[in-house]
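J.: Please work from the sequences and hints to get the whole structure.
In our numbering, the protein residues as written are 6 to 445.
Each hint should be verified, as a subset may be incorrect.
Taking lysine-lysine pairs in the DSS-like style, the calculated list, with each CA pair at most 27 Å apart, reads [as the list claims (entries may be wrong)]:
hint	residue 1	residue 2
1	386	328
2	213	323
3	44	59
4	12	191
5	44	154
6	142	76
7	306	154
8	212	168
9	413	367
10	223	301
11	429	315
12	429	386
13	62	102
14	213	303
15	367	301
16	197	220
17	315	436
18	154	168
19	102	300
20	328	436
21	191	260
22	351	213
23	300	315
24	12	197
25	15	203
26	62	301
27	382	441
28	441	367
29	168	300
If you anchor each label on the Cβ, the simulated ranges turn out as follows [to be verified]:
hint	residue 1	residue 2	range
30	440	260	19 to 29 Å
31	328	411	23 to 33 Å
32	315	408	32 to 42 Å
Worth flagging that the hints you see were computed from the coordinates, not collected in a lab.
These numbers were taken from a predicted model, which means no experiment stands behind them.
Note that the Cβ used here is the ideal one computed from N, Cα and C, for glycine as well.
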Amino acid sequence: MNEQFEKQMKELLNEEFADFIKALSFPSIKGFYTNPLKKDVIPYLDKQYIQPSKVVKNGYYFDYQQYPLGKSPFFHCGAFYIQEPSAMLVAHFLNVKQDDYVLDMCGAPGGKTCAIASQLSNNGLMITNDIVPLRAKILSENVERFGLKNTIVTNCDPLSFPKILPQFFDKIILDAPCSGEGMFRKNDQAIKTWSLEKINECAHIQKKLIDAAMKLLKPGGQLIYSTCTYNIQENEKQVQYILDNYDCSLIPLEKSQGMSEGIHMSEVIRLYPHKHRGEGHFIALIQKNEISQIKKVKSMKPSISRQNMKLVDDFYQKYLNIKTPQYLYDNNNHIYAILPQFPELKGIRILRNGLYLGECKKNRFEPSLALALTLQKNDVKQSYTFHESDEEISAYIHGETIEGTNQKGYGVIFVEEFPLSFYKESQHQAKNLYPKGLRR
6 MNEQFEKQMK ELLNEEFADF IKALSFPSIK GFYTNPLKKD VIPYLDKQYI QPSKVVKNGY
66 YFDYQQYPLG KSPFFHCGAF YIQEPSAMLV AHFLNVKQDD YVLDMCGAPG GKTCAIASQL
126 SNNGLMITND IVPLRAKILS ENVERFGLKN TIVTNCDPLS FPKILPQFFD KIILDAPCSG
186 EGMFRKNDQA IKTWSLEKIN ECAHIQKKLI DAAMKLLKPG GQLIYSTCTY NIQENEKQVQ
246 YILDNYDCSL IPLEKSQGMS EGIHMSEVIR LYPHKHRGEG HFIALIQKNE ISQIKKVKSM
306 KPSISRQNMK LVDDFYQKYL NIKTPQYLYD NNNHIYAILP QFPELKGIRI LRNGLYLGEC
366 KKNRFEPSLA LALTLQKNDV KQSYTFHESD EEISAYIHGE TIEGTNQKGY GVIFVEEFPL
426 SFYKESQHQA KNLYPKGLRR
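T.: This is the structure in structure tokens:
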């Protein structure tokens, strides 16, 4: 272990330091939360390997060595999201209202985004972003798997947002890039790359992101600031920077289950692996008090050709029992269901604009995985249902076809009550439409 890091932690923890170091030698803790937009998956899981969180609603711990939920078909169906238990508390402490507009500034891989967006109604809005293209792609895939319709995924420098969305958001999540000290137990790379220089570099970036967040918040809006690190410079000093430079209040967070107070800042939360069942984390909730006039932001306009509209309508009428979404946007024949409150994001790279429905090509409409993952059994006219352990499900996720019953056209494969993917059947063969990049 780095000597400078040990010195820092001894100063922070005093007599608790030995317990902290001992905790770093234990296996990391894994957790998940269930998807409120879908059926309850808990009755289908093996109870001997899961344990409910006493704090996070719909949150659970699980034994990943004995019960690897990431390989479960229910994971592919978006029935739950696997997330480190301490990180789950960020969404827990952000008290969102159904119609809030929320920004996740550094959203990948998507645990906080999915937890919050799934609590919003279709009058609410989530914009989730990551500056790194590969991370933004993973973020988009997780949003898709969770079946979110009210979410825009972007790939840009979050410092670009204040120019186009000033004072637009009710809530902002800033899980800031940090030195990663809380990742030491589960990530050897975090130990190798740690240095005092890295702390200073991260603190500089954090201040810039905080400044942007304050410009993006509505008066009365809330910023939840979090890191997975321990040092004061990236945590309490950043909160103090906000209080010193902006008209803001620090909202006290209710502590339980081994949560610690901040260093000379009782309102915030510190999480240590020797006290809390999870990895290291810091969380603070800040409310913006200033009163100012809000500028109106232009909304995105629906746009689709008559020909493509007909193709989408024909598909819905033939294969689904639900109406075609009201607001459609055509991006080079890729069709998205958008919502009236979606803002116009000029100059921003958008990976996912609401719900991706599918592609119009050669006078037909091909439905997307994203659309399939939002459907229930009574929404579709044709389907096959399998159990989690059935060979057909394993084969389908692997990319194989399934023997059909002479249905014709598109239907949805379900695992119990959970949609997995579209298929297209002809001559007793259900052609596999599960994306090649997700097969295993």
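J.: Are the hints correct? Go through all of them and say.
T.: These are the hints, each one checked on the structure:
1. In summary, the hint linking residue 386 to residue 328 is supported, as the alpha carbons are separated by about 13 Å, within the 27 Å threshold.
2. At most 27 Å may separate the alpha-carbon atoms for a hinted pair to count; residue 213 and residue 323 exceed this at roughly 51 Å.
3. A C-alpha spacing of about 21 Å is found between residue 44 and residue 59, which places the hinted pair at or below 27 Å, so the restraint holds.
4. Between the alpha carbons of residue 12 and residue 191 the distance comes to roughly 21 Å, so the proposed pair stays at or under 27 Å and holds.
5. Restraint check for residue 44 and residue 154: the C-alpha separation of about 17 Å stays at or below 27 Å, so the hint holds.
6. For the proposed pair residue 142 and residue 76, the alpha carbon gap of about 20 Å is at most 27 Å, so the pair holds.
7. With a C-alpha separation of about 17 Å, the suggested pairing of residue 306 with residue 154 holds against the 27 Å cut-off.
8. The straight-line distance between the Cα atoms of residue 212 and residue 168 is roughly 18 Å, inside the 27 Å bound, and the hint therefore holds.
9. The straight-line distance between the Cα atoms of residue 413 and residue 367 is roughly 19 Å, inside the 27 Å bound, and the hint therefore holds.
10. Simply put, residue 223 and residue 301 have alpha-carbon atoms about 12 Å apart, close enough for the 27 Å limit, and the pair holds.
11. About 20 Å separates the Cα atoms of residue 429 and residue 315, which keeps this hinted pair within 27 Å; it holds.
12. The hinted pair formed by residue 429 and residue 386 meets the criterion: a straight-line CA distance of about 13 Å does not exceed 27 Å.
13. A distance of roughly 16 Å separates the Cα atoms of residue 62 and residue 102; the hinted pair therefore holds under the 27 Å criterion.
14. With a C-alpha separation of about 26 Å, the suggested pairing of residue 213 with residue 303 holds against the 27 Å cut-off.
15. Annotation: proposed proximity of residue 367 to residue 301 is violated, straight-line Cα distance about 40 Å (limit 27 Å).
16. For the suggested pair residue 197 and residue 220, the alpha carbons sit about 35 Å apart, so the restraint of at most 27 Å is broken.
17. Proximity of residue 315 to residue 436 is assessed by CA-CA distance (about 24 Å); at most 27 Å being required, the pair is judged to hold.
18. Distance hint between residue 154 and residue 168 is fulfilled; the C-alpha atoms sit about 25 Å from each other, no more than 27 Å.
19. For the hint linking residue 102 to residue 300, the alpha-carbon distance of about 22 Å falls within 27 Å, and the restraint holds.
20. Proposed proximity of residue 328 and residue 436 is supported: the alpha carbons are some 25 Å apart, at most 27 Å.
21. About 25 Å separates the Cα atoms of residue 191 and residue 260, which keeps this hinted pair within 27 Å; it holds.
22. The straight-line distance between the Cα atoms of residue 351 and residue 213 is roughly 22 Å, inside the 27 Å bound, and the hint therefore holds.
23. Our distance criterion of 27 Å between C-alpha atoms is broken by residue 300 and residue 315, whose separation comes to about 37 Å.
24. At roughly 17 Å between alpha-carbon atoms, residue 12 and residue 197 fall within 27 Å of each other, so this suggested pair holds.
25. Using a Cα cut-off of 27 Å, the hinted pair residue 15 and residue 203 holds, with the two alpha carbons roughly 20 Å apart.
26. For the given pair, residue 62 sits about 35 Å from residue 301 by alpha-carbon distance, which is inconsistent with the 27 Å threshold.
27. For a cut-off of 27 Å, the pair hint linking residue 382 to residue 441 stands: about 24 Å separates their Cα positions.
28. The straight-line distance between the Cα atoms of residue 441 and residue 367 is roughly 22 Å, inside the 27 Å bound, and the hint therefore holds.
29. Between residue 168 and residue 300, the direct Cα distance comes to roughly 11 Å. Compliance with the 27 Å bound is thereby established for this hinted pair.
30. Hint check: residue 440 to residue 260, Cβ distance near 43 Å, so the stated range 19 to 29 Å is violated.
31. For the pair residue 328 and residue 411, the beta carbons lie near 28 Å from each other, so the given range of 23 to 33 Å is met.
32. In this structure, residue 315 and residue 408 meet the distance hint of 32 to 42 Å, their C-beta atoms being roughly 33 Å apart.
Going down the numbered hints, you'll see the structure goes against 2, 15, 16, 23, 26, 30, while the others check out.
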